[in-house]
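Q: Chain by chain, the residues:
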Amino acid sequence: MPFRFPFRFDIPEHSYVSARVLRDQFKRIQYSEHEVTRNALRYIARNTELPPRARLEAQLQLTAMPKYTSFNQIRNRCVASGNSKSVISDFKLNRTVFRDRARAGLIPGVKVASW
Amino acid sequence: MVGFSMIVRRQMARPSMRSFMTSSIWNQKSETNVNFKSPEEYIEQQKINRIEEQQYRQTLLGEKFEYNPKYLSETKTDAISGRPIPINVELLKYKPLRLEPTEGNEIATIKLQGYDENSLIRAGEFALRAAFYLGIPTSPLNTLKTEKRLYTVIKSPFAQAKTKQNFHRTTFKKSLIAYDADPEVIDLWLSYINKYKIEGVQYAASITTTETLEFSKQLENLKEIEFPQAYDEMNDPIANKVKDLLKSDTFKKYLNESK
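In order, the protein sequence lines correspond to chains A and B.
Residue numbers for the first sequence, in my numbering: 1 to 115.
Residue numbers for the second sequence, in my numbering: 116 to 374.
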């Protein structure tokens, strides 16, 4: 069976693994690899002191890059369940996993609040 | 670091700063890895320990050890041992003693953070007591603003989204200031605190050091740096990439065109 992604990468070790988590992991790795190039091209494209054709060329190169190299393709996912909805970023946990763990006293400092 | 930032103070006569912090909340050290020894290493360690123990016992036997503890009240005795309580043990029941600052120059600030206030007080009072016996004047243990963060989640895993449950995390903060001490004593104090740090408390220290009044002259005498050359040794990867791109053939022709 051919490899599903254009490039090979390591499976994340410290989180729940599913197809969607792997897809996100791939995008994260690709973004970190191309971050410097993207920012350099963006700098050239937005620098008004450079000639317009050079700026246009930079913008064209930027749009020609694959979509998985851009930051806005990355979505925070729950480390314990792989869910992408209502992830609490302080703990990197989905609301249900967070609630279970908080009620069990597994998250330091978090208590049930009542007032 | 996650969320917490160091305090940055600037004073005219004190331009340089050093700082360090422990982050025992976030990076609790895994004891299994640290203490792991192969059998040979373990045997060697045991041998060294035995020799050290023997040497220690010999020194104890060689000199006559005098034990003259000071007492707050000699008539009061400890119920279990039947002996009077030494003054340093007795003083643990009271608020830590402090030395008053003579000059009032702030030398070091320790900031403590944690989710348990009792362990914060324990850590802070330990630091204050250590400072007293090292002769460092300090401020009392100040309480800073506690931070309460509320998390409201839907109670059920599916549907009934109107029923919520609230959780909160309280972060307590304390600070103490050391005055007028020599930097060597401050280093000794901080390393002692670092050695006996408590798990679950985040320590952050910012140290202010003094420079001579001729410091500005020293800066002026430094080798002159011209402004455009200042960018030559820059290690910013994006700047280097921009430079490479603009030198490449595709961009070169457009750059030459305009001229």
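Take the hints with a grain of salt, since some may be wrong.
[To be verified] 16 Å max Cα-Cα, derived EDC-like pairs, lysine to aspartate or glutamate:
(1) K263(B) x E33(A)
(2) K111(A) x E262(B)
(3) K356(B) x D90(A)
[To be verified] Counterexamples of contact, computed for chain B against chain A with all Cβ distances above 12 Å:
(4) Q160
(5) E189
(6) R198
(7) R264
(8) L265
(9) V268
(10) F273
(11) T285
(12) D351
(13) K358
(14) D359
(15) L361
I should point out that these hints are in silico values taken from the structure, not numbers from a laboratory.
Idealized CB from N, CA, C, for every residue including glycine.
Q: Against each hint, give a clear statement of whether it holds in the structure.
A: Status of the hints after comparison with the structure:
1. K263(B) x E33(A): violated (38 Å)
2. K111(A) x E262(B): Distance ~14 Å between K111(A) and E262(B) Cα, so the pair holds.
3. K356(B) x D90(A): violated (34 Å)
4. Q160: holds (32 Å)
5. E189: holds (45 Å)
6. R198: Holds: least Cβ distance 41 Å, greater than 12 Å.
7. R264: Its Cβ does come within 12 Å of chain A, the nearest being 7 Å, so this is violated.
8. L265: Its Cβ does come within 12 Å of chain A, the nearest being 6 Å, so this is violated.
9. V268: Given that some Cβ of chain A is not farther than 12 Å from that of V268(B), nearest at about 4 Å, it is violated.
10. F273: violated (9 Å)
11. T285: violated (7 Å)
12. D351: violated (10 Å)
13. K358: violated (9 Å)
14. D359: violated (8 Å)
15. L361: Incorrect as stated: the minimum Cβ-Cβ distance to chain A is 7 Å, not above 12 Å.
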